[in-house]
Structures are given as structure tokens and as C-alpha cells.
Amino acid sequence: MTLLRAIGMMLLLTMASLLPSKAAEADLRATIAKFAAATNFSGTEAVARELAASGDPAVERPLSALAEGNLYIRKADSQVFVGNDAGDGIELLDPLSGEKAADAAKADLTKIKVNNSLRRTIRDALGTLTLRAKDASVRLAAAATMFKTPDAANIEPLDAAIAAETEPAVKALFEQARAASVLVSDKPEADKLAAISVIAARGDRDALSLLTSVEANAQGAAKDAATAAIGHINSTLALWDAGQNIWYGISLGSVLLLAAIGLAITFGVMGVINMAHGEMVMLGAYTTFVVQQVIRTSFPGLFDWSLVIALPLAFLVSALVGLAIERGIIRFLYGRPLETLLATWGVSLILQQAVRTIFGPTNQEVGNPTWMSGSFDVGQLAITWNRLWILVFALMVFAVLLYVMKRTPWGLQMRAVTANRRMAASMGIRTPWVDALTFALGSGIAGIAGVALSQIDNVSPNLGRGYIIDSFMVVVFGGVGNLWGTLVGAFSLGIVNKFLEPYAGAVLGKIVVLVLIILFIQKRPRGLFALKGRAVEA
Amino acid sequence: MRGNFSTITKMFSAGVIAAGLSMSAPARAADDTIKVGILHSLSGTMAISETTLKDVMLMLIEEQNAKGGLLGKKLEAVVVDPASNWPLFAEKARELISKDKVAAVFGCWTSVSRKSVLPVFSELDNILFYPVQYEGEESERNVFYTGAAPNQQAIPAVDYLMSADGGSVKRWVLEGTDYVYPRTTNKILEAYLKSKGVPAEDIMVNYTPFGFSDWQTEVSAIKKFGSAGKKTAVVSTVNGDANVPFYKELGNQGIKAEDIPVMAFSVGEEELAGLDTGPLVGHLAAWNYFESVDTPENKKFIDDWHKFIKNDKRTTNDPMEAHYIGFNMWVKAVEKAGTTDPDKVIDAMVGVSVPNLTGGYSTMMPNHHITKPVLIGEIQADGQFETVSQTPGLVMGDEWSDYLPDSKNLISDWRAPLSCGNFNVATGKCGGKGTN
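So the protein sequences, as listed, match chains L and C.
Residue numbering for the first sequence follows my numbering, beginning at 1 and increasing consecutively.
Residue numbering for the second sequence follows my numbering, beginning at 1001 and increasing consecutively.
Bound conformation, chain L alone (with noise of 0.2 angstroms):
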């Protein structure tokens, strides 16, 4: 009798529990119908808002949905849906159990728009619904957003969920965006002097942005603290700033190695003047889309793995087309500099012709693979991951050719053909052959530069032509024959160029440099590192 009563009162307990959240379901789904009759974008998020401001966790499925534009009015009963991108059609879900409901071809629904300042608010607005999430990261946003929009109503819920946090860095984040709330709040001024110190711990460029307007608007000790506690960030950033360059002008460099190291090989050992050089980089790069464009229609699960497929192809193809510009052309030429110079700009001319007819005159798509995109943080200075795996891939290049050239057969060849090619005839060495292999390998470094700078630049067939002047002033600057000369003359460029643009601005950053190599070509025409030897006569 007990136990049937216990079950009967457990039951009550239960439906008790589950109406109200009936009825809150029911209202919030009237809500959500409410985005049909909004006109424009203030109505639009005065829906929004009211959604959130419920305060239930089932309204993040609408509202991400809005904000990245996949919320759908049906045009015949004006209900909302949220939509999922199914080939042709779209697939309609319920927006709040996210349950598949209908689907729909394009031109029966309305897509709800959203502008920059709706997508914000919704990002705010998720901020605090997405305080308690399971995944760490999407913690670490809110807390992330939520430092951004301080709001004295904050506070209490950031309590909470400091209390509840387990993950240190992101209760440390929860703390600097509580901190924030506070200093817009009317809390007492030893609450906003904690603050102030919690904030300038931060030490970033967002904490000096709020603390900046806490200086503008607070007074007394708040206001000295915020003082002081800006000059302290304003230092700092001083130094990151100054590392910030450096890393920009290694990066520039490792796009200057990459983009000359192939030149260095074709003018600086075989002396060949090739002004097709900037070409045989887009070849490599326009390898790069096509294995891309194959990789997407065929295989899009290797997409990750495209640029690794695009190396040896794109090394092929440039090598060939080099092959094929020495047989050609420039074996009837060694010894002419200026007719070797006319010829290949020809032919430079020709090969960007010939891309454009074939793949038309316009930007190519080539895609980041995952491990390429975004950034992370060394401290206040930012590294983007493309950058970095190009500095890693360039000196990759550099070493592979130094062992090539020091410590193969085929390199000591080449550098006897280079040091005295009759001396080299005579004792076996088949100098036409050394030179065809030696230019196409130039030419093949090239074509791997490209799979790199697709990733950084244009896809068209101008790509080589902002590289070429670049990269015979590396070469020359470095000293001409020597790879270490490149390898120095890249970085130093690089760094150089990356220190003057803040103060002189990239137009004349650019001629400054200029004007310093000039004058340096003038003390030493040969460059940083002079070729000692036979091979300076001849």
C-alpha cells in the first residue's frame, strides 16, 4: 500500500516537473513563430532577444541557426524552420528538438537575413546560455564574449559558473570577464580595484581597450589604478610589438627563400639571367588547384592531404617545363646574358598566356587544409599556422637542397661544371646534361615554392610576376652561386622590410629597401657572400 503510494506520488512528481516545461516549450515556440511576421533586421532581433532572454538552454539551436543564416520561414504556413543544406533541396528541422520535420526546395522558404550587428547580439545573447556547456571550448568562447560585452547583470551568473568551473583556464577567463562586468557595474571601488588588477594581469590589447574607458569615465583611486595599470600594458606591448616584427619579417623571409632558392640554383650556379623563373612558381601553384579541383570532385576525404600530393606533381611538372625551356632555348644561348634574358621573358610571357587561355583569366580557388588555417598565441603575439608551416617547409627545402648540392654525386657535377666546364668535359662529366638537369631542378624547386605561396596568394597567372623582381634581388643581395647567401640575403630582406613598414609605410618601406641594396651592390657587387675562385673569372 506504502510502495503504491510512494509510485503514485513519483508520478504526480513527474508530470509536475514536465508541465511546466511543456508550457515553456510551448511558449517559446511562439516565440520562434514570431520571426514570420518580423520585416527587418530590428525586428528580426527584437525576436532574438526575447528568445534569449528566456533564459532556456534549448533556444542555442534557433539562434546559432539565425546567425549563421540557416533559419527558414516555409512560405505556404509561415513556420520556422531550421535549415540543413541537402544538394538540391534544403532539409527542414524542428528548431528546437532538432528533429527532422520536412524538406523543401529552395524557392518555398524564406531565409531569415541576418546583418553584422543581429550576428553580434546573438553571439552575446548565446554568451551567457553557453556558460554551462560540456565542451570546454564552447565555455571558453562565452567567457571570451562575455569579456568583450561587460554588462553589470553578468556578474551573477559568472559567479555561478565560477563556482561550479573545474578547467582552470577557463575559470581564469570566467574571472577576467566577471572582473569586466564589474568595472561597469556600481559595485564599491575596492570590488573595481580588484578588478582592475585581475584585468591588467590579462595584459592583451582588450584589456587595455576596456581599461582605457575606465580611465575616461571612473575617478579617484579607480582611475590612477587604471592609469597606471595601462602604462604597465603599453611597455609590454612595446616589447611584443618588436618581437611581433621580427616574426613578420622571418616569415617574409621564408616567402623571399622559398620564392628565390629556386633562382639561386639557375642564376646564382649556372648563371642563366631567367625571367620565366616567377612563371615556373604559378606552374607549381596552378599544379596545386588542379590536384585540388581532382581531390574535391573524387577523393574529398584526402583534401587534408592535397598540398602533400601537389608537391612531387607540381616539382614534376615545373622540372619538365624547365627541362624543356633548356633544350629548347637556353642551351643555344649560354654565354649571351642579354639574349638569355629576351628569350625567357618571352617565354615567361608565353606560359602566362598559355595558363590564361587554359584555365581563363581569373582567380583560381586553392583551399587552406585544416592544418593550415587560424592562429594561435605566443604570448600577445599572434602566429598564424600558414605562415609558420611555410617557414618550416622553406628551410625543409634549403637543407634538402644543400645535402643535394654538398654531398651527391649529381651536386658535385654540377658544381664542377659550374667551377670550370672544360676542365669537367675532360674528365668524363657530360656538361649538356649537367646543365638541362641542374636548370630543371631550378625549376622544379620553383614549382614546389608555388604549392606553398598558393597558399598565402592569388591563384592567376600573374603570381609570378610579383615574385621574380623580388627574387634576383635576394640572389644578388646574398651573393650570386652561394645558397647560405640566400638563405641570409632572404631573412635579412625580410626583416628589414618588416621593421620600416610600421614607421614608413609599405610603398616606402619598399624603396628603402631598394635604395639600400643599390647602395650596398655599389660597396659589394658581389654580394654579401663572393664566390671565391676559378668560377668568379670565367
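Just to be clear, a hint being listed does not mean it is correct.
Which bits of chain L does chain C cover? Going by a derived footprint, with three or more residues having C-beta under 8 angstroms, they are [claimed, not checked]:
1) 246–255
2) 370–381
3) 412–422
Here are the simulated SDA-like pairs of lysine to any residue, each with C-alpha atoms no more than 20 angstroms apart in a straight line [unchecked claim]:
4) L:K510 - C:K1313
5) L:K75 - L:A33
6) L:K148 - C:K1256
7) C:K1256 - C:G1383
8) L:K187 - L:S137
9) C:K1429 - C:D1413
10) C:K1256 - L:I162
11) C:K1256 - L:K510
12) C:K1224 - L:P502
13) C:K1101 - C:T1033
14) L:K75 - C:K1256
15) C:K1224 - C:A1200
16) C:K1310 - C:A1273
17) C:K1313 - C:D1413
18) L:K111 - L:G203
19) C:K1224 - L:G203
20) L:K134 - L:D56
21) C:K1433 - C:C1420
22) C:K1256 - L:S373
23) C:K1256 - L:A382
24) C:K1300 - L:I230
25) C:K1223 - L:P502
26) L:K187 - L:I162
27) C:K1300 - C:K1224
28) C:K1223 - L:I230
29) L:K111 - C:D1294
The set of hints was computed from the structure by calculation and includes no laboratory data.
Quantities reported herein were computed from a predicted structural model and do not represent experimental measurements.
Where a beta carbon is used, it is the ideal one built from N, C-alpha and C, also for glycine.
Please arrange chain C on chain L, whose structure you already have, making use of the hints.
For chain C alone, coordinates are given in the frame of chain L:
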């Protein structure tokens, strides 16, 4: 990937046949065809943008011929390639007018190419239709400007950013490529912002060279400028090729449109085609036309374009619409004048009104600029723009900016009796000079 060996051979043989035909053509052409010159670069740096405009002109001419031609004659396109070489533009324009005897020329993209052909057109008295948004401060009798003047693009864009919808921006970065269009536009914008009470320390102006590809320093400077506690936006007049690395760097350094939106004046559907727009959703562009505009005229135009170019992935853009409007205006003016004689057509052009692709009518004004709506669009993940704001009515192109001290007293009216492109209302004399 388009094209393979067999299509290349086909194209080559078609070229040979065409060359053979054109040799026998002139004798006949003088009588029963009207020639239209197309002066767009098909090689060199500008080919990326201008080749499309050549194709759209060929399409428009083909359509007009299918409708029965003009004044009972067929139209014949004469295509030349000025190869992105500014002096060559003048040479090719002279060739089109004196040798080929074209009735009108549609062409040019960069301001410097337009400036280079101006003397040729006034000397030989022919007509140029210029389809690209430009810096203004010019009004020539022989040129019809179908692209936007600064007040049809830059000023409404800044107004939008200042409004509550656009985020009530208080701090401005004016980022541009170092040449005449960005410099003049930024001069106008600076004067305009100051007239709206923006203090000088809240405006940062920066220029980069053509084809600039290493944006790390610039993007981090923008980030730094944007962390002063005031809402910041970037107004970008960065040109063509430099845009892709610029946007890639913005995406990688995590600058989101909700925090620091970038409003671009030279980025259209065509430029976005080479980009993954996922990280760029919400960044803005101001134009007078977007491919996504939902009107029957636009739908037909896009369908025709896809059929003509035989590729349904090719996008349409604002300068293409400008050529569409300009060509239809010219056809109407020739019909009105009953002749292709440039003098009579120039007089007949003013007041001609034709439908544009955004659902209204564009009219040629006496200053040789046209009326257009101004649209502000946000970049979407599929590489298209979604219109988030549109001017309530049409905006009339203002050639001499009211915000520059040199040009604020100048007006242009090519109708008789004034017939002057730079009339100074303060001194009552024709022959004022603007900025640039």
C-alpha cells in the same frame, strides 16, 4: 578545369578562319554593319577583370543582332587588346576610331587607362562608355560614365557604417592601394568624415603597393587601431589582386566582421571566386548591383550569361551591369538620333532611360553620369553578397565632389547652351580644375 587539347586546337583553327574572314570583311562592312569597339585588356595584370567585360559586350551585341540589329544594320564587334599597358590604350583607341571607324567604344577599367585615352576621344570626336566605379573629379563630353561616382558608392557605404544597423562606427581605417582612385576617394572620405565630426586621431590612412601580398603588418596595425575601445571599421579601396592575400590574412588573424567589419569598394563576386569565404562572412561591399539581387531582369541576364559563356559557375558583377546599361542606352540614343554620328548621339544620350538589373530605371544625366541605386551587401559563405541595405531611391552621380575644396563649386552640364564639364558657379566661368 576548362579546356583541353581538342578545344585549344579548335580555338586555334577558329582563330585562323576568323583572321581569314576579317581580311575580306572591310569592303562589305562599311555599308551594312555598325562597328562597336571593345577596348579591354585581354592580357597582362588587368586581364583578370577586363576579359569578362569583353565577353559581356560580345554577348550584348549578339543579342542585339538577334533582335534585328540597329537601324536595320547588323552590329559588328571590333575587339582589340591593350594588354594592361596604359599608353597602348591610347594607341588602340586611335586605331579603333580612325582605322576601324567604330561608332562607339566600350572600354577601360583603371582610371589611368581612361585618362590615357581621353585626349584621343576628344580629338577624334568619338564616344567612350566607361563601366567602372571611379574617383570622380572628371566630366568629359565624349565619355559616358556608367560606373559609380564616389557619392554613389563610397559616401552611402560610410553612412551605412555610421548608422545603428551598420554598427555605429566611430573609428575608421582607410586602407588602399597606392594609385589615383584610392587616394582621391580617401581624400573625399576624410573630408566627409571630418564634416561629420570624426576627429583626426580616429582616422588612419594607409597605402600599399599594387599586387601587395604580405599583409601581416597592416592587419595587425588594424587590430591595434581597433582596440581603442571604440567601434572600428575598415574602408578598403584595395585593388584587384592584393585582395585575396588581404582577406586570407584577416581570416587567419581572426578579425571577425562582427568586431571590425571591412567595407570594400573594389571587391565583387569575381574577386571572391578565388577565396574560401567561410571566415569572411559579414564583411561588406558597396556596389550598385549584386548577382544575388532577385529580379526577373537579373535572372534573365544571369541565364543568358551562363549560356553565352557555356559555364554556369561564372559570376556576374557590377561593371557587367554597367556595360549592360551603357550598351542599352547607346542603342536607344542611336535609335532616337536615327544615326550613329557621334555628335548627334552624344546630344541624344542625355535623358535616355533604360531598365537596370536591380528592378528600376537608370537615366543618363546632363553631367554624363547615370542614376543608380546603392546596395550594401554582406559576404556569404557561398561567395555571394546578400543585400543588407539599399538606398530608398536612385542616387544621381555627382562628378565634382562637394567635400573637396577645389571642386565644390564646379558643376557639369553638357546640354546647350552651357555645354561645359567644369563650370564654376562661384566665378560663373567654364574651366575649373578639381583635385588629382
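Are there hints from earlier that the structure breaks, and if so, what are their numbers? 3, 4, 8, 10, 11, 14, 17, 18, 24, 27
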